[in-house]
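Visitor: Chains as they are written, first to last, in full-length UniProt numbering: chain H, 1 to 341; chain L, 1 to 701.
In short, the hints are calculated from the structure, not lab data. Quantities reported herein were computed from a predicted structural model and do not represent experimental measurements. Glycine included, each C-beta is placed from N, C-alpha and C at the ideal position. There could be a bad hint or two in this list.
As the list claims (entries may be wrong) - Among chain L residues calculated to face chain H with C-beta under 7 Å, some are: (1) T78; (2) T267; (3) N326; (4) A330; (5) R366; (6) P403.
What the hints assert, rightly or not - Calculated cross-link-like contacts (lysine to aspartate or glutamate; reagent style EDC-like; alpha-carbon spacing at most 20 Å): (7) H:K159 - L:E76; (8) L:K284 - H:E242; (9) H:K262 - H:E242; (10) L:K292 - H:D102; (11) L:K363 - H:D102; (12) L:K363 - H:E140; (13) L:K284 - L:E362; (14) L:K292 - H:E158; (15) L:K363 - H:D125; (16) L:K208 - H:E140; (17) L:K322 - H:E140; (18) L:K602 - L:E587; (19) L:K65 - L:E451.
Claimed, not checked - Chain H side only, calculated, beta carbon under 8 Å to chain L, not exhaustive: (20) L77; (21) G130; (22) Y161.
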Amino acid sequence: MTAALSVDSLWKIFGTRADKIIGTPDAELSRADLKAKTNCVVGVKDVSFEVAPGEVFVVMGLSGSGKSTLVRLLTRLIEPTSGTVSLNGMDITSASASQLRDVRRKQVSMVFQHFGLLPHRQVIDNVAYGLEVRGVSKKERRAKASEIVELVGLQGYEKSYPDQLSGGMQQRVGLARALAGDPEMLLFDEPFSALDPLIRRDMQNEVIRLHRELGKTMVFITHDLAEALKLGDRIMILRDGEIVQIGTPDEVVAQPADDYVKDFVSEVPKAHVLTLKWVMREPRPGESMDGPALPVSTIVRHAARAAIASEAPIRVMDGDTMVGVVDEEDIMRVVVAEEEQ
Amino acid sequence: MSETSAGSGIAARGLVESERLTNPAPKKPVEPGAPPPGVEDAGISRWIPALGILLVWIAVWSFTKGNNTLALPGREHTDLHQSLTDFNNRLLAGRETNPVMQFTNGISDILRTVFDWLQRLFVRPNLPRPVPEIGWLGIVAVATWVGYAIASWRIALLVLVSFLSFGVFGYWEDSLDLLIVTGMAVGISLLVGLPLAVLAGTSVRANKAITVVLDFMQTMPTFVYLVPVVLFFGIGVGGAVVSTLIYAVPPLVRIGGFGIREVSTTTIEATDSAGQTYWQRLFKVQLPMARKTIIVGLNQTTLAALSMATIAAYINGPGLGKPVINALVANDFGKSFVPGVLIVVMAVMLDRTTTAASERSEKVARGGGGNLRVRRIALAATGVIALVAVFLSRRDLSLAEFPTYTIGSKVADAADSTMSGFIDLVGGLAESVKNGISYGFLNPMQSLLAESPWWLAGLGIVALAVVFGGVRALLTTVVCLAGIWFLDLWHDAMLTLTMVLVGTVLVMVLALVFGVWMARNRWVDIGIRPLLDAGQTIPPFVYLIPVLALFGFSRFTAIVAGVVYAAPAAIKLVADGVKAVSPTTIEAGRSTGQTTWQEITKVQLPMAKGSLVLATNQGLLYVLSMVVIGGLVGAQALGYDVALGISRSEEWGKGAAGGLTIVLLGVMLDRITRAAAEVRRDDGPTTRRAFNVRLPIGPPR
Chain H
1 MTAALSVDSL WKIFGTRADK IIGTPDAELS RADLKAKTNC VVGVKDVSFE
51 VAPGEVFVVM GLSGSGKSTL VRLLTRLIEP TSGTVSLNGM DITSASASQL
101 RDVRRKQVSM VFQHFGLLPH RQVIDNVAYG LEVRGVSKKE RRAKASEIVE
151 LVGLQGYEKS YPDQLSGGMQ QRVGLARALA GDPEMLLFDE PFSALDPLIR
201 RDMQNEVIRL HRELGKTMVF ITHDLAEALK LGDRIMILRD GEIVQIGTPD
251 EVVAQPADDY VKDFVSEVPK AHVLTLKWVM REPRPGESMD GPALPVSTIV
301 RHAARAAIAS EAPIRVMDGD TMVGVVDEED IMRVVVAEEE Q
Chain L
1 MSETSAGSGI AARGLVESER LTNPAPKKPV EPGAPPPGVE DAGISRWIPA
51 LGILLVWIAV WSFTKGNNTL ALPGREHTDL HQSLTDFNNR LLAGRETNPV
101 MQFTNGISDI LRTVFDWLQR LFVRPNLPRP VPEIGWLGIV AVATWVGYAI
151 ASWRIALLVL VSFLSFGVFG YWEDSLDLLI VTGMAVGISL LVGLPLAVLA
201 GTSVRANKAI TVVLDFMQTM PTFVYLVPVV LFFGIGVGGA VVSTLIYAVP
251 PLVRIGGFGI REVSTTTIEA TDSAGQTYWQ RLFKVQLPMA RKTIIVGLNQ
301 TTLAALSMAT IAAYINGPGL GKPVINALVA NDFGKSFVPG VLIVVMAVML
351 DRTTTAASER SEKVARGGGG NLRVRRIALA ATGVIALVAV FLSRRDLSLA
401 EFPTYTIGSK VADAADSTMS GFIDLVGGLA ESVKNGISYG FLNPMQSLLA
451 ESPWWLAGLG IVALAVVFGG VRALLTTVVC LAGIWFLDLW HDAMLTLTMV
501 LVGTVLVMVL ALVFGVWMAR NRWVDIGIRP LLDAGQTIPP FVYLIPVLAL
551 FGFSRFTAIV AGVVYAAPAA IKLVADGVKA VSPTTIEAGR STGQTTWQEI
601 TKVQLPMAKG SLVLATNQGL LYVLSMVVIG GLVGAQALGY DVALGISRSE
651 EWGKGAAGGL TIVLLGVMLD RITRAAAEVR RDDGPTTRRA FNVRLPIGPP
701 R
């Protein structure tokens, strides 16, 4: 199966004559040194990854890590300095202006941190904007837009103007606008960072629901690790424009690639993220093998009750084969280690 | 800055100032771990070397004064002036063959044809009809209806009263002529200005180029435009519309471009990511989102057009400016008072109407504006009434020609007697103020500048320019002074410069006193600001009327009119600058126990330095443009040279030289103050930014 999105050694260097830097030893300099030497700033440095159809791929990093630049390179809102981006096998980096417009109209939509709504248009016409620029007739696009408005839970607000809505509702409009064109892929650029925590949680659940219902491929940018762990099938961690680690949430927490990531994940409630895979062990000789069986992908927290209730250790199963065991003590170790921090 | 929505057309100023004052460009902080930045030399105060230069200047002046002042009295002119006049004559003689002249004269002819047609429609008898096609009743009715249609019934009432006052006070035809000239200029401004605004708003490079040109155009005092315009477009309607047009376009381009540029980048990005084309972006996103700002630009353009159309009376442009000029030259206060007031009425009417129209369009776009059906019916009904009025005015002679009333001359007489009573009352005081400033300040300064040998004055100015503006100002100053010297009007230039400097000092005194007061006391602000806003809508010409009555024909009249004209903009700049000082900083200062005086002088004024420099810059340019117009009322010097050159073809050369000299003076003063804003590190980036978004504090008119 072709990847929904495939990025190959993508570079973005801001500054004049930036394209001359790639391939020279200068490209290996740190960001600060390069700035001092050439006055160019590295935004994205030699990034490659693939996203499978239907996957939620989270890009995480602190501000200045290049994650917002990266997501803009994917549809060339910012022109890459070098490297390729392919969508369903089509090379975006060499697409003509009209091909690119077509991709933006039909294949990929984006949701922005500060919403980017049109203040002079009602909600319904904001949602329909993508269809409008494609040349869909007014009646048709309004019908489609009101479906989507309902899907994101904004029915009744069709005739409102953006500034009459709360931040969370405005972002629902942004979400609806992105969905209206029925794209294959959604890009989210820190969509919930400007919202307060409770609304943010609601919106995250909304995204999870939509993903379950619509099954779109999503690339999600965030600086919030909890958000990344909650939403992501896989997480890519960026630092100074470079990939530090790509992995599933439990891999990132259990096996941080370096001290930078370790520092990041140190505050994460591990029992909520780690699966039995990371705490199981070989059965000791003489241990009872009649404890309950749980799949290897069970989250530690969810296994706790079963482990306490059972005298015998839990059998960890990968399909039909037993790959290890976990007892009450193993689980307590994860939970208690957290309490002590 | 909450004034943006306060309604008046001055919103543009609030708008751009808020942008300037609330988002100062952040300084690049030192990265953690890097060595601390090098110590920057704060330097000694610029005033100490300046004082030193002044002392040396006075010392040399004391034994060289009166030598080599290059004075050129009265009607004398030099070979250079004569050759310019010859150039003018040659061009005029070759107007049938010279393609440039054919082109400009062709434009002039077209403008005159359109104007004549409109005049026959509204103002003059369309022979063989004894009256215009549409009589006064029809015009009043249609204008009122338009006011209702684009704004509200309140505006309609304002329009009605304004139009009736034009007729009742006896200036119906002049008023309509002025409106026609203004309207034509605004119409053409839209055609030319909107595409330029889009260009300036969407292309960084085009914006830079356009800004340079606009900056230059706005440094040029209005009066000076008239000299070349007369040459190429002749006097009368053609020249009047062209000069008005040139003057009216910049605000639209600048403010409109600003509005388009300020459309949120996130919105552009978001809609781009939906796959829109360039034109979709322009028409569906940028223009709608910038609409309010563009209409504010249109408002400024309209007011600029009105004020220039008034001044164009000097080149025989039709309209209310004519009776004002005639009365000014005769120093007849009463006769100039009535048309002067009508100009103000017209300015207020246009300002309010365009502002209200912009607010209404915003409301309608937002789905407000009341019940659409009811409004349509009301519009149709009132429209029918207006059409009936037009029909009646075509049939009935008494409804076609505005009846004559004597109230206009009665008001003029009353104004005259009130003024003379007022002068009896305060004349002594006014005289002593005049004498005090003249003997204590103006004369010594004039003596130093104009009685120094030219090389001494030139050296002094260059030295001061370097002290205040640094090396950046050096080149411009030298070039400008060389140009002034070359144009053979050195002495007149020094006289005008004296008036400008004295006027600007007075403006800054007012600006500091009232600006700080307004910033520190909300009630003072609420009380004074509307007056200042109103002051900025009044065409500069009108200021001359009362000041002339009070001080008679003299340079002092020109200076005072300049001060009155420049003060509103300067006061508002200082007030807004001081008000923008962060409350946290003030609180922190108070917690150390500072006195009010310390708070003003050590915290508020230093932190508002950018605004102070900008206010000085604007003050200089405003006063310069007014002092030049003052040439009409006895201010002598360059303004007189220009006025004479426009009115007498054998003096055109000297007038043109005078005009160029004024431009050079303006550019020099502008560049020195701009450089002064940049020369010192402690001014921070805000000052520079202030200049980059200039204008919207109101065009120097």
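Visitor: Against the earlier hints, flag every one the structure doesn't satisfy and list their numbers going up.
Guide: Violated hints (numbers, rising): 1, 3, 4, 6, 7, 8, 10, 11, 12, 14, 16 and 17; every other hint is consistent with the structure.
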